[in-house]
Amino acid sequence: MNIFVCVKQVPDTETKIVPSGDGSFIETSSIKWIMNPYDEFAVEQALLVQAANAGSTVTVVRVGSVKDTEALRTAMAMGADDAFLVEAADNLDSYMIAKALKGAIEKSGKTPDLILSGKQAIDDDCLQVPQILATMLNLPSVSVVVGYEGSATDITVKREVEGGALEVYGVKLPAMIACNKGINTPRYASLPGIMKAKKKPLTTLSLADVGVSDADKRVKYSNFQLPPEKPPGKKFDATDAAKQAQVVKDVVGLLRTEAKVI
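Residues 583 to 844, numbered by the numbering used here, are exactly what the sequence shown covers, in order.
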């Protein structure tokens, strides 16, 4: 099987985010980048499928800046065989990213039997790229998947829906599967795996190489701003028994008129 995994590199959750000077994106020069957490489940699932199907290969594909390849090297340290990086700005819209991923998969020279990704990226939360990519490749697609089993030709997947229920789908491969937390437990990259990853093939492509141009842009980002700071909390002294009734009245009034929770 030719298994592809689409990953995204996102800011570490502890990174302090600052808008760029022109407000068109965020300042990226001092950000620590990590693999999108949901994509870790996709990489792990690809490795599990590979282990169950002898002779399979796992190729990781990413679209973004070349200054840091942490996500791709992490995936290869976990066990992926090779990787493709489409060098581009980190603020592409979902359509451009999906088209670039499609072009990279085609450039690999391998026909995909299975494409995996995380259900969403934790930075923009668009939840669109897997579905757009599946449409471009004319493949069946199932998202928010928490259960996976099957063979090299047919799989059964479970996806979460509102209310805690599960939907079960029988899918013929090739297909696009977007993974959610719970589908597996991602492995840690071992030290030998990290050393081997440095020698595994990492091919860099440009947007032009994969047939993407500025004309493909569907969304333009502008006016990035930090959310307003929260106002300081209000304190009430209820130690004086004679004032407790008034304090309770004041607190209830604020909860009703300002906080609007009662």
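In short, the hints are calculated from the structure, not lab data.
Wrong hints could be hidden among the right ones.
As the list claims (entries may be wrong) - Beta-carbon label-pair distances, calculated as ranges: (1) L748 to A827: 50 to 58 Å; (2) K842 to V648: 44 to 52 Å; (3) L836 to S602: 31 to 39 Å.
Glycine included, each C-beta is placed from N, C-alpha and C at the ideal position.
Right, here's what the structure says about each hint:
The hinted window of 50 to 58 Å between L748 and A827 holds, with their beta carbons roughly 52 Å apart. For the pair K842 and V648, the supplied restraint of 44 to 52 Å holds, since their beta-carbon distance comes to about 48 Å. Hint check: L836 to S602, Cβ distance near 38 Å, so the stated range 31 to 39 Å holds.
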